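Chemist: What follows is each chain in one-letter form.
There are 4 protein chains.
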Amino acid sequence: MVSGSTTTPSGKLRMGMVGGGPGAFIGAVHRICLAMDREFELVAGAFSSDAQKSRQTGSELGLDPARVYGTWTEMLDREAKLPADRRIHAVSIVTPNHVHFGPAKLALEKGFHVVCDKPLTISVEEAEELEKLVAKSKLQFCVTHNYTGYPMVREARNLVQGGHLGEIRKVYVEYLQGWLSDKLEATGQKQAEWRTDPKRSGPVGGMGDIGTHAANLVEHVTGSRIDSLFAVLKTWVAGRPLDDDGMVLFKLKNGATGMLAASQVCVGRENGLMIRVFGAKGGLAWQQEQPNDLTVYWKDRAPEVRRPGNGWLHTDTKTLQRVPPGHPEGYLEAFANLYHAFGRAIRGTKDIPDAFPSVSDGLSGMRFLRACLKSAKEGSWVAP
Amino acid sequence: MVSGSTTTPSGKLRMGMVGGGPGAFIGAVHRICLAMDREFELVAGAFSSDAQKSRQTGSELGLDPARVYGTWTEMLDREAKLPADRRIHAVSIVTPNHVHFGPAKLALEKGFHVVCDKPLTISVEEAEELEKLVAKSKLQFCVTHNYTGYPMVREARNLVQGGHLGEIRKVYVEYLQGWLSDKLEATGQKQAEWRTDPKRSGPVGGMGDIGTHAANLVEHVTGSRIDSLFAVLKTWVAGRPLDDDGMVLFKLKNGATGMLAASQVCVGRENGLMIRVFGAKGGLAWQQEQPNDLTVYWKDRAPEVRRPGNGWLHTDTKTLQRVPPGHPEGYLEAFANLYHAFGRAIRGTKDIPDAFPSVSDGLSGMRFLRACLKSAKEGSWVAP
Amino acid sequence: MVSGSTTTPSGKLRMGMVGGGPGAFIGAVHRICLAMDREFELVAGAFSSDAQKSRQTGSELGLDPARVYGTWTEMLDREAKLPADRRIHAVSIVTPNHVHFGPAKLALEKGFHVVCDKPLTISVEEAEELEKLVAKSKLQFCVTHNYTGYPMVREARNLVQGGHLGEIRKVYVEYLQGWLSDKLEATGQKQAEWRTDPKRSGPVGGMGDIGTHAANLVEHVTGSRIDSLFAVLKTWVAGRPLDDDGMVLFKLKNGATGMLAASQVCVGRENGLMIRVFGAKGGLAWQQEQPNDLTVYWKDRAPEVRRPGNGWLHTDTKTLQRVPPGHPEGYLEAFANLYHAFGRAIRGTKDIPDAFPSVSDGLSGMRFLRACLKSAKEGSWVAP
Amino acid sequence: MVSGSTTTPSGKLRMGMVGGGPGAFIGAVHRICLAMDREFELVAGAFSSDAQKSRQTGSELGLDPARVYGTWTEMLDREAKLPADRRIHAVSIVTPNHVHFGPAKLALEKGFHVVCDKPLTISVEEAEELEKLVAKSKLQFCVTHNYTGYPMVREARNLVQGGHLGEIRKVYVEYLQGWLSDKLEATGQKQAEWRTDPKRSGPVGGMGDIGTHAANLVEHVTGSRIDSLFAVLKTWVAGRPLDDDGMVLFKLKNGATGMLAASQVCVGRENGLMIRVFGAKGGLAWQQEQPNDLTVYWKDRAPEVRRPGNGWLHTDTKTLQRVPPGHPEGYLEAFANLYHAFGRAIRGTKDIPDAFPSVSDGLSGMRFLRACLKSAKEGSWVAP
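Residue numbers (our numbering), protein chains in the order written: chain A, 29 to 412; chain B, 29 to 412; chain C, 29 to 412; chain D, 29 to 412.
No lab work stands behind these hints, which were simulated from the structure alone.
These figures come from a predicted structure and were not determined experimentally.
Mixed in with the good hints there might be a few duds.
One copy or any two copies: either way a pair holds, since identical chains are not told apart in the list.
[What the hints assert, rightly or not] Quick list of in silico lysine-lysine cross-link-like pairs, DSSO-like style, CA-CA up to 30 angstroms:
no.: 1; residue 1: LYS279; residue 2: LYS211
no.: 2; residue 1: LYS262; residue 2: LYS405
no.: 3; residue 1: LYS279; residue 2: LYS166
no.: 4; residue 1: LYS81; residue 2: LYS262
no.: 5; residue 1: LYS262; residue 2: LYS309
no.: 6; residue 1: LYS227; residue 2: LYS109
no.: 7; residue 1: LYS327; residue 2: LYS279
no.: 8; residue 1: LYS133; residue 2: LYS81
no.: 9; residue 1: LYS138; residue 2: LYS327
no.: 10; residue 1: LYS405; residue 2: LYS138
no.: 11; residue 1: LYS262; residue 2: LYS160
no.: 12; residue 1: LYS40; residue 2: LYS218
no.: 13; residue 1: LYS218; residue 2: LYS327
no.: 14; residue 1: LYS160; residue 2: LYS109
no.: 15; residue 1: LYS309; residue 2: LYS211
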């Protein structure tokens, strides 16, 4: 049971949101996903730094106007003062990168559990501070590296970490998109605007936006952190102040080596996150755009294609699906798996390992980005 | 605005459910999907013919115990007597086939909109009666031939009905599953039990369970009804009283001819619904297990692979997606698209054509099944 | 060793060709394939009914002009009179269908082994006569149902006939092309001309051209003949005197049932031969356009994708590949596998079963076509 | 016409082979491919450094024993003294890497055209010497970077170099195999033995064996040489003296940047050569194991899948196929395309550009390898 605060009449945990106002993409995703498994109910929000816009979104969502706030400080202050059986249990932070640290820190200080979008912050120092705050508290903290929520990613992780592929030698990971091939930010497209603006995105562009997902996937699947890396960052679109393309060679602490590509100028590629892992006894390949197929290679028999819902999958994998085999679940369901696990954690349910990415995973991502910047600048190998 | 009854504080329509108690599969699907787009809120239910089980499910869902009923007649009677600003707007019927007609008829008589699982009933006569009731009312009626909710099925329909493929000549459709290759119903598996029981499933087995989806997909995509058919039905698993395998040749009213395969004994196939359509100028292919790829063939250029979220898709197609290109949506999202459209229809929103399958589509499915049974028995071509 | 006639200095068997003059497609294929494995050398030919064209082709091929003949009767007569160490061992008949029977019969009578294109003849009676002639002789006769030469088709056959899939229940086979979607024969295209001309093609069009391949594939893989069938034949392109589209339901002698589609009006489809077989314990799927992938389904584990060249394949399968795994072999190599086996048979090498399609397989194809015509006309089930 | 020497009676050019004795893999490939299009006839050979083995292979191939030689020097000396209408036109060198330079040099000096396997030599100096020799002569020299012979690689090249994809930004190439995941060379497997032996393979292992193919493919498709690179080479299998895994970042002279992976320890991967190119207006992807599909991405419309044999392909592409669309050609046909073009060049036929890889392409490969070694040693960017 949730300590110190009862749930809603329907047993749901109460969520407040920071960000996700008009025109937002990821805010709407979070709202669908937090509700999908009846784990959470959105009851409060500071949806925009513009109070008028915040109210508009709150109204569209049917929220009690009294709990639609003009700023996140206001929300956190006032919610903290509500009685335990009314106030929110957790906040979901879905703002541009530069507005992650502030609300996350305050939320923790006020005693709220936190879901925070990635990259965790815009500096390693901020991320380290959050990690310390979490460690001191009894609070749950989830960074939405959402691709870890796919059943077949979990199956991959179980194959690797269960030793089925033998000692891991090679990891190839890539995240290729094409949507920033032109100067989309000059057209007023909001998603492009803040992602290419150093003030809001931080000192990295595409490597922070999608490269951290790729790096996180490597560490999640292998269970090993990046030990050193060599990075090249580049900006292809004239006048764009941040990188839109990166290439990274890396070594993992377990001894494996690998390559990471993250680019937003690959025309025609939609959301091409792919990981391949090869060990001394077997290998695997997974692509986000066909997320229900996991190809597994073996030394002495034909490759197999594992798909969700089948009885022979790892027990942990089977916890991540809602419908029978052949009924494809996708991006939203994988994302919702993180919220579901986060909710269970708040309630104190014992769970499968690493059911959602932790503040430490988020910090690892920030260290990865710092190392990329340093390596790209110095032309040398760097330890994160 | 919804006539005669206000929505919930959050603007949602109120839904009551018939069926979907412990162990049900499709009931849980309906619950996720009705809530996904904040269109509906489940507030009442008669979840099982066993009142105790109904209460258990209601409690798990956090419903007001006063609105968890022991029978669907009780639910419909008592909800109808609630004030307009409290009573349900619609019912969702997710029971085995033999309990579709009763609650659907009563719901319509009581003035409730209806969502009903497929096949619509267990006889053509019942389906015709429902069609008449709907015609006399101003009520919305949705039969959950859910595969029509996929964006790429909608794109296929727009390609065909917009004439881009020319006069349609050939339609190949199939729905292959393997889960009933053995006598699963003998193990106590609930889904298998009722689907292979003539009392609950009606006079057809697999052809009703999945063949009607295939037939509906043909009619939805081509916009043409089946004009005549030649069917072979067979039972492969000893002791099973209903067909688990069927083969159908058919002619459409538009002159096209085609083949339909529906089998539940194809070992290893999960949920293999596939449709291919060829006209005088082009063709297309779509598979449910990779639902975000639509292959389009042309006479004078290379085939293309259309995927959701891209700007060049048909305007109607673009209404059916929640996230950007490359973020795969699946079975639940497609299913939710029907609920979303159903909700909009209740509110009187003008919408894209055939945004959800109608009672007439459900009736067409029942006539298809009747014709299959007759043809298989007589060994001759039959008009539905 | 070859009885009664020595081979060439390089140990090759001597081949004469009937047909394959200017503009021919399949003649050139045969020439590449007979030479690929150094089994045969083309030394003689009657390449066209036009002696001038025959000489032109012979000259282009660098043949001794003395062995380029004006007619196939002349070739067979004169070659038969050459000494054993010079005359041809075998003939390859690559003419339109109506010129299969004559040269095949005469060749057998003169003591030559025969390779003959499909369909074997233009009537069942002719095919039966050839079968009798072969039975009386010690000669080898190969009908080039070339798709049986693919390694993964052989693997499929071994899986089925080795009982690994259990009792076979369902067979789905299709052969979809689009090249005759318009009246190509009116443009002077030679391949289209004779295939749509009843005088040269015989009483069936597409069903003979490609449907027999599909039927042969079913019988080859399952090892069971078609026991009865129900066929619909149709002509979509106005003014074409033969069928360009067919649909067949069938039952095999082993009890399995299936569907066969053969169409040449599926715009954009190139050469879409596909077979899927499902038994009580497993299933398989193979597509000619990606011929090196064989998907195998199992009841209790993930599907696997078998590919040529790997050690774990069936021993017979491994005889059909020339290069290591991952080096794709295709249509020509599969075709050449038939010639290789035919050559080994002439030399008396003991071989894998059914290494090439026999005259009886060709006769079975003719009976299949006769049954299709009768069923389509009468609207009833017919035994071939 | 071929200068100074007539062809065979059948119009074929006469070929002598160096290497390709018992147990060889690539020699047999060359023999099939040189004969496939009736361009060449193998008439002489020095198949092994063991004269007895050379005779054995010559006998199996049915060659005149007088033209089966004990050493390649003997072959080249004695063939050069034969009359013009009998002696070979060209030699095909299919030995391990350390026996490329010697026979290639002597063949050029004796006036023979040369086909030579890759990598061209075992040092840059040798390759430069060969380039100079070729420049001084009128002889043709083909290095069998055979993957350039695929029709869809040619289509890719035409798309890029025709400017259809805009300014090229990114190139991702990889060549992943798994066959050397264990110490196969310790089992006596010949292919593994020489490839992992510095005396026969030269100073690089896998990067020379397959990495040069990948580098060549980049340069062939883009028409731009590698300008600088950063490489990491590694040996995973204990006791193996050469690299079995490499990762390279590179910049092209045209400004594009890219990543190259070449590994022979990716368990389960057969022959995974893949290239992807992205420009400012479009992109493409090609995989050797499905060589007949070329995916082309566009900014403003759906991706297309181009396949051989279709009328809308580039004129050059259409010269590289033998059979109609949907009849897959593979590795051997692509390899034969190089021989076909080489033969045409000898005859003086004007041809499509870069119809086969030149000695300069081979030299570029050697410089690539030298740079990889230097970069891997020094940990810095190196210009080839």
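Chemist: Among all the numbered hints in the text so far, which are the ones the structure does not match?
Modeler: 3, 4, 6, 9, 10, 11
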